Amino acid sequence: MTNNYNESLESKLKETTKLGLDVVKESTEDRLMTLSVGPQHPGSGHFRFTIKVDGDYIVYCDPDPGYVHRGEEKMCEYRNYIQNIPHLERPVIHDSTNITYSYSLAVEELLGIEVPRRGQFIRAIASELNRLVYTLYWLAIYGIFLGHSTMFMWPAGDRELFIDLLAALTGARVTHAFNIPGGVRNDIPEGFKNKCLEYVNYFEKRLKAYEDIFYNNPLFRQRTENVGILLKEDAINLGVTGSVLRASGVAHDVRKVEPYDVYNEIDFKVQYMKTCDSFARAYVPFLDMRESCNIIRQLLDKMPESGEVRLKLQSNPKGRIGEAYKRVESGRGALSYYIVSDGSSKPYRVKISVGSFRNILALPHLLVGSRLGDMPSIYWALNYWPVEADR
Amino acid sequence: MATAPKEFRFGNFVGSLVWLIFWIIVIVSLVGLPLIFILLFYIPLPYSNGEVITPYLFLSMIVDPTRTVPIIKFLIHTDFFRAAIFPGFAYAALIAAATIFVERKFLAKMQLRTGPLYAGKIEGILQLMADGLKLISKEIIAPSGADKPIFWSTPIIFVATAAALTALIPVAPGWVVSDLDVGLLAIFAILGFFPLIALLFSWSSNSKYPFIGGLRALHQMIAFEIPFILSALSIVLLSASLNLTDIVEAQDSFWFFAIAPLSAFVFYISSLAELERVPFDLPEAESEIVAGWLTETSGMIYGLIQLGTYVKLYVLAALFVILFMGGWMGPQIFPQELIPGYSGEKIYNATVVNGIFWFTIKTFGIIMLILLPRGINPRIRIDILLHTGWYKLIVLSFINMFIVLAMIYGGILTPGGLQ
Amino acid sequence: MSSSIIKKTSTATGFIKAIESGSKHLLMKRFTLRFPEQKLKFVGDGYQFDPKRGVGIAGSRGRHILFHEKCTGCQLCAITCEGIAEAIEMVKVNEKWKQNKKSIMPQIDYGKCVFCGLCVDACPFYALYMTDDFELSSFTKEHLIYTPAQLAVKPKYDGTVEVKIDERGASHG
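Protein chains in written order, with the working numbering: chain A, 106 to 496; chain B, 258 to 676; chain C, 1415 to 1587.
You may find that some hints are simply not true.
Stated by the list, open to error - Which bits of chain B does chain C cover? Going by a derived footprint, with three or more residues having C-beta under 8 Å, they are:
no.	segment
1	359-369
2	632-639
Unchecked claim - Negatives, chain B to chain C, calculated, CB over 12 Å:
no.	residue
3	263
4	270
5	332
6	374
7	384
8	445
9	499
Rather than coming from a laboratory, the hints here were simulated on the basis of the structure. Here the structure is a predicted model, which means the values were calculated and not measured. Backbone N, C-alpha and C fix where the C-beta goes; we use that ideal spot for every residue, glycine too.
Chain A extracted, bound-state conformation (with noise of 0.2 Å):
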């Protein structure tokens, strides 16, 4: 059954380029029409690319990222360990736990600590929620990119119970600033885990709606099915990672391969598929959201009943001189720190690696020789977020 399928992707890949390739041999100048899908732009976000249509085929793709770079990594040279945890959760702001997580982890390794085990634990759900809460807001955009108003509105209210959820636990809407070096900052109000509990119940009911009104709808299906095929090879090559690389057949998720904290006592499903289209691209992230709901349970159940939840460290703590790299996996894919130390209190270097930077390689290679109709289930499948990527 693999080698069938394989084979008729293969045919349908070559099909597709085939037509962009000869596109390009017969056209002059002339006849090709630049756009710039530009970050005033109500498809693209705060990114830009530049595409070169010919009729209805696009020929050429130069992504453009940087419009809102901000100089993450140079701030973090200034500030020391416990100061970075504001400024390094903006670029995501609704996944803030995930992009700070990778960060305390790395930290940790340096100051020689180990967190608690109830904070760890917090950590995780933390983690778990905002996986959630980012996961629907990309699922909005999508359905708002193809033209799906009802599949903007549903998941964005839905996104709201786990934002209060949030809210009651770290304080802030958004922008949590809840992981530091040490542990969590606070641990959980009281009467958060039963309406966790019935949040997280009522979501799974919700995901029954979805899946009747955009993935099984002819319309959408008939859009994205055969549409921008990275085949698995392929996928390796470029270096994708996270739910574009779990749509083309590899099944790969950090917390499965180098677990961190408590995931190794969670029993979980990695989800992935294998027709490596757009739609799968779509759809690993719907099943990622149920794997999900069944984590926040496993973890609401094994929590230990007390405990501490933050180390108490000096106020500056500094560094052992060397070097730390530790690996989250986020709404987006593997994200990763890699920390130098001076043994100050301020790192000598930090470098973040996200998911989004690593999946947009994939973008003119997918876009070149598709229709310019196809440019947003592409584009946005590829699960980009252009403010992280340029950090």
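We have chain A; now place chains B and C onto it with these hints.
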């Protein structure tokens, strides 16, 4: 907000009201009254009981209200009233405005949110007025390289063409602005102008995204005109006439929807494509081409184009009702006389009011059906659109046409109704 | 490790299910929260920090509240904020307190504050907490700078609306 509003002083408020009334009186007496008298010089006044009815007689209604009835009856049957107010432009515009509001609330309820809520005391009912005022007060920005005469005149032509369509729709027996013998053909002829208007506007905007949107609009509307006409052809076979009033009167025993459901389905899908509604709204696809051929509209130009679109929606829904659902036919539920025992001149005509009632209800039902796909479907892509339009819809309408022809040949039906 | 295989439904069933699902939602309750007539209820009394145990107490992070009888003018909050947003500045006040020899207290500029709460974590004397108040807009930038006297006032917040989930859907109120 840079400045706080000034304090309210009642004296200033009364002063501004008096100033306004003063200017109204000046303009009416210096300009309005002479105009009225010049007009009256040229219009022939109506007769009633051998007496010419003058405006002075009209003002004597304060004494005896029944004296106004002949004047109102005369005014209702003039051509101007029919073309501008009912069943012409004002009626269509009113239904269009109601449709916009109902669409927003209906979609909002389906998406689990409230729609417009704060304009007007009950659930935002005055939102349309607020939107109209906002659009009038905005600046209209024309791009610098745009073709100015075409850019400024095309929206007006758009609304005018949509309004011209309303002149052909019969709302009640005898109430149609122009009763052509080739009414159905005239509607399709006027509908053929819309792709040209879209292309003209997008070309004159002198920008890339409107250009792509205009071409898409051209492809879409032209591709769907053929299934449109073919589906109406079955109805022409059944009723033996192109006159819309005759088509309605041929449905007095049963609706044509019972014999031609496939044609009704094809007509419905084609009208969604002609109106550029979701799922066929690719000429204005927001995420791909930034509002398509409407990109450079701002202010009242956008308002005019929206008005034209929703008037066209009313026209196509009314056409569906006339062709497939019996027009104004329905059980008589209004009494023959409003005031029993009144023997003077009457404006109230029971069949006409009954017809208007049933027609409006059926049109509203079909409008709700046209609004429904917006909450359910995403946008379609252009090659799938052309494939559907050229292959599937034409085949379906041909199948239904052959069924109708077989029934007529077999003697079950005659052209003009049941045997 | 499981790969999912999606069942392919026919076109007509797909459309009918979508219409059914959409129409069922016409009977569900609306989810909107009508701010400012309805306001959400917050859990807890605002974010607080216990320097003895070294851990915070859950609450929402809004405007700060400064307890004048505990503040010693140690400037630790200002030093922490220097690397984050530079929103806290120590100013001289006219009050005489036993524990505050230099008579200085923090003044917070809400045009710059990012509401991270690390200043609350830094205070070792239980003097700086955060409250539920988030409606801080004003007409001029100068009005956003809250003096220590303004920061001592406890705000009144009366949100009472919560999310209720029943069989007709989730709604506020």
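(message) Under the constraints set out in the numbered hints, which ones does this structure not fulfil?
(response) 6
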